[in-house]
Amino acid sequence: MITLPQGKNEDISIVVTGAAGQGIQTVEDILGKVLKRSGLNVFAAKEYMSRVRGGNNSTEIRVSSKSVRAFVNRIDLLICLNKGLRNYLKERISSDTVIIGDIEEMGKELAGRGQMFFDVPLLHFAKELGSPLFANVVAAGIITSLFDVDMSLLEQYFDERFGAKDKSLVTKNIDAAKKGYEISRELAEDITVKMDHNSEIVKELLLTGSDAVALGAIAGGCNMIFGYPMSPATGVLSHLSQVAEEFGIVTEQTEDEISAMNMAIGGWYAGGRAMVTTSGGGFDLMSEGLSLVGIGESPMVIHLGQRPGPATGLATRTEQADLNLALYAGHGEFPRAILAPGSIQEAFYMTQHAFNLAAHYQVPVFILTDQYLLDSSYNLPAFSCEGLKVEKHIIKTDESYKRYVITEDGVSPRGIPGYGEGLIAFDSNEHGETGRNMDEDPQIRSEMNAKRMRKLKGLEEDSLPPALYGDVDYDVLLIGWGSTKHIIEEAMEEFSRPKTAFLQIRQPFPLHSSTKDYLKRAKVIVDIEGNATAQMANLIKLLTGIETSHRILTSSGMEITVEELLIKLRCLHV
Amino acid sequence: MTDVRMFDVPGPIDIMWCPGCGNFPILDAIKKALAELDLTPQDVLICSGIGQAAKLNHYVNTHFLHGLHGRSISNATGAKAANPKLVVLDVGGDGDRYAEGGNHIIHTIRRNPDITALVHDNRVYGLTKGQASPTSPMGYISPTTPKGVASLPLNPIALAVSLDASFVAQAFAGDIEETKEILKKAISHKGFSFVNIFQPCVTFNKINTYQWFKENTYYLGDDYDASDRKMALEKAFETDKLPLGVIYLNNRKTFEESLAAYENSDKPLYDRDISWDKLTKTFERFV
Ligand SMILES: Cc1ncc(C[n+]2csc(CCOP(=O)(O)OP(=O)(O)O)c2C)c(N)n1
Ligand code: SF4
Ligand SMILES: [Mg+2]
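Chains A and B are the protein sequences, given in the same order. Under my numbering, read the first sequence as residues 101 to 674, first letter to last. Under my numbering, read the second sequence as residues 255 to 541, first letter to last.
It is worth saying that the hints were derived from the structure and are not from the lab. Virtual Cβ for every residue (Gly too), placed ideally from N, Cα, C. Fair warning: there could be bad hints in the mix.
[Unchecked claim] Computed Cβ-Cβ distance ranges for the label pairs, DEER-style:
| # | chain 1 | residue 1 | chain 2 | residue 2 | range |
| --- | --- | --- | --- | --- | --- |
| 1 | B | A404 | A | K496 | 53 to 59 Å |
| 2 | A | Q543 | B | P400 | 39 to 45 Å |
| 3 | B | K507 | A | H224 | 48 to 54 Å |
| 4 | A | G184 | B | D527 | 52 to 58 Å |
| 5 | A | Q543 | B | V456 | 29 to 35 Å |
| 6 | A | H431 | B | L406 | 30 to 36 Å |
| 7 | A | K557 | B | S529 | 32 to 38 Å |
| 8 | A | Q353 | B | F537 | 24 to 30 Å |
[Said to hold, decoys possible] Now the stretches of chain B that chain A is said to cover, found in silico as 3 or more residues with beta-carbon under 8 Å:
| # | segment |
| --- | --- |
| 9 | 293–301 |
| 10 | 320–330 |
| 11 | 351–362 |
[To be verified] DSS-like cross-link-like pairs, simulated, lysine-lysine; straight-line CA separation at most 30 Å:
| # | chain 1 | residue 1 | chain 2 | residue 2 |
| --- | --- | --- | --- | --- |
| 12 | A | K166 | B | K535 |
| 13 | B | K521 | A | K502 |
| 14 | A | K190 | A | K166 |
| 15 | A | K267 | B | K444 |
| 16 | A | K502 | B | K285 |
| 17 | B | K444 | A | K496 |
| 18 | A | K489 | B | K521 |
| 19 | A | K489 | B | K535 |
| 20 | A | K496 | B | K484 |
| 21 | B | K535 | A | K492 |
| 22 | B | K521 | A | K492 |
Hey, can you work out the whole structure from these sequences and the hints?
Structure follows, in structure tokens:
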């Protein structure tokens with residue numbers, strides 16, 4: 101009899117794998133929602149190939165009575181819907197892994213691997229139910245049954261998902277899930293799952309980083325979104341497009357990213373609160389527009405979802421290699437801010453904040469995410485809107501209004517065409533206070549440039565401080581940014597070295613002034629980044645003069661796992 | 255009718271065009287058209303790209319957005335979408351619209367925002383000193399094409415008509431009165447109005463002069479039916495003499511009219527507030 105979780109683990113890591121088109125995403129949706137509603141903590145992260153049919157994709161679902169939010173290497177339960185597992189997955193199968201698969205499909209592919217292989221004729225059952233495409237739902241049923249989840253939760257799920265469209269689809273899916281329950285009863289002779297359910301979790305939210313960016317945008321008063329489809333940033337465009345009527349959002353899939361950025365500029369100019377959403381390649385096309393944002397002093401919110409480059413790179417995978425891009429994009433010099441959410445909560449609150457920050461300082465503000473963060477999900481308490489505000493930072497103008505009036509903090513009050521009597525200028529050429537000709541006067545140029553750059557001081561004062569986790573009395577300080585947050589936290593816990601802390605840089609630029617103090621207190625600084633050149637460590641060196649002692653860098657296209665990080669930390673012998 | 259002088263920029267301004275440039279009469283025609291349409295400076299936004307033509311909005315007393323070479327049609331679309339009450343014009347040269355911004359003009363025609371786009375077609379790059387443009391004829395000799403342009407010229411009218419543009423017209427800067435009348439129609443038209451304006455560049459284009467355009471153009475008669483797309487295409491392909499006037503008209507739903515954001519309210523975006531209740535309720539979808 102195998103009991104899960106095994107050993108000292110408190111969670112079960114389930115990996116479901118199959119071809120694109122076999123509905124792995126559906127399994128993730130079902131398991132996530134249904135297990136959470138049964139009172140279990142869930143975390144899901146997917147990795148998928150850049151193709152619509154075939155291949156081999158997988159999703160990892162961690163289930164626990166304790167909160168779980170990080171990606172692990174370990175597979176406790178592997179469900180295979182198709183043969184042809186990529187090496188990347190095969191290598192993760194250990195002697196503890198329990199495998200459920202269909203011998204008819206899998207053949208000898210996984211022979212000798214794992215602790216036990218349960219042959220379940222998934223395809224046969226699915227065909228009996230009317231289509232091989234039901235194999236995924238049968239598999240989902242097997243898992244929820246192992247977790248002792250009441251069938252009614254699945255019934256409710258299918259009714260919500262298909263009820264309005266097609267009642268017969270609800271019945272068919274329920275039948276498929278029931279088949280899973282039957283099979284699971286046989287499995288119960290060999291395998292049991294022991295896990296406490298907690299009713300508090302039932303009403304929590306389960307959403308992806310992508311959803312959180314979209315909801316955070318709405319909470320920031322976003323009422324315009326422009327983009328051109330590009331993984332992993334498209335989800336934000338689709339999400340906001342789907343709620344456009346409800347929340348009064350202008351949405352447009354433009355002809356290219358150049359147009360997206362320029363529409364957003366026109367939008368802010370005329371009183372909208374616009375966001376663009378894209379990934380590296382698309383953002384390259386936006387960088388000319390970014391420069392226009394700079395001289396025009398337009399607010400702008402840019403959601404930049406990173407994926408591995410150069411060029412098309414690994415289109416559906418993850419990396420943290422566009423910090424330098426966000427930092428240096430656009431010709432000329434102008435101030436900007438870069439926020440890097442590390443969690444789904446932060447994706448919401450930082451996106452909300454980005455709109456106010458952009459509106460206040462009239463600068464571009466980046467929300468720098470990545471595929472891993474955008475596509476993963478876990479349960480969390482509902483966001484609180486208490487204390488959140490949409491700050492418009494616009495004024496009603498009179499006839500004497502000058503758009504680019506020189507001020508001490510560099511911020512010129514922003515008027516909007518149609519709100520008041522003033523005429524509103526926006527100029528791509530260097531300009532004087534009125535925004536009209538400045539005769540290319542070097543003095544006016546110097547003054548205007550200095551005015552714009554002065555905003556950096558305010559931006560720095562308003563920068564989000566880094567977050568410290570672990571022992572405040574540290575001598576070893578791990579630093580990271582963005583999506584690795586939960587992974588570093590979990591690895592640090594397992595590392596269990598006393599006097600160790602993790603400093604999460606939440607705003608890479610401008611850096612909060614406290615960052616330097618945190619760094620100075622450490623004897624050893626370990627930089628952890630998902631890129632090959634330590635972009636954050638280099639920026640920190642540039643801005644604080646402090647050098648990191650060690651660098652743990654990965655750029656495989658896969659997010660670093662807790663175990664991989666742990667091994668690398670142990671190798672440091674600190 | 256408002257006073258045309260309202261559209262003069264107050265104070266002394268230094269207009270950076272060469273004496274005799276075809277941009278001057280277009281500037282006059284625009285101001286007159288706005289006044290005759292009873293508009294005030296506060297009603298109007300003029301967006302522009304970069305080039306000699308695109309400097310125009312610095313010389314008109316309205317709201318203005320002077321953007322990037324090729325891109326301002328997107329600025330104009332975004333601005334109109336944020337506040338559909340604004341009367342939005344967009345100005346650019348032939349290089350601006352047909353070369354650097356070629357993709358945007360195509361898709362803006364498809365999108366059909368209610369804006370008026372004027373292309374000052376001087377068949378040359380004025381600001382960068384005389385290089386060939388997409389509308390320069392084959393064989394046109396310029397500093398970057400010493401042996402003459404080898405590519406075929408672009409046919410703006412055919413392009414617009416083939417894309418079923420909502421309003422397509424052609425004008426000649428040498429005729430302020432007629433240009434003004436065409437502009438009035440274009441601005442009043444609901445939907446994307448595309449106006450290609452022949453604009454002599456007296457400094458660089460020694461071929462397509464005022465005289466040349468006068469001799470090689472003609473006005474469409476009163477009996478011309480602009481709703482006939484086939485006829486419009488035929489006109490677009492005429493080479494003997496180039497047609498002037500409203501060439502094609504096609505009333506269809508505008509971009510702003512199809513935006514979900516205006517389904518329940520016609521308020522401009524700056525005048526709206528977030529509903530926290532609604533947002534909080536949305537969270538329940540993720541339970
Ligand atoms: C991205 C970019 N490329 C090149 C230029 C340089 N440039 C400015 S105007 C212009 C062409 C001007 O020709 P046209 O658009 O026909 O306007 P005109 O000056 O003839 O009115 C060019 C190439 C630029 N400003 N931006
Ligand atoms: S170069 Fe040509 S287009 Fe430019 S101002 Fe002179 S005449 Fe006009
Ligand atoms: Mg030109």
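In ascending order, which of the hints set out earlier in this document are inconsistent with the structure? Failing hints, ascending: 15, 20.
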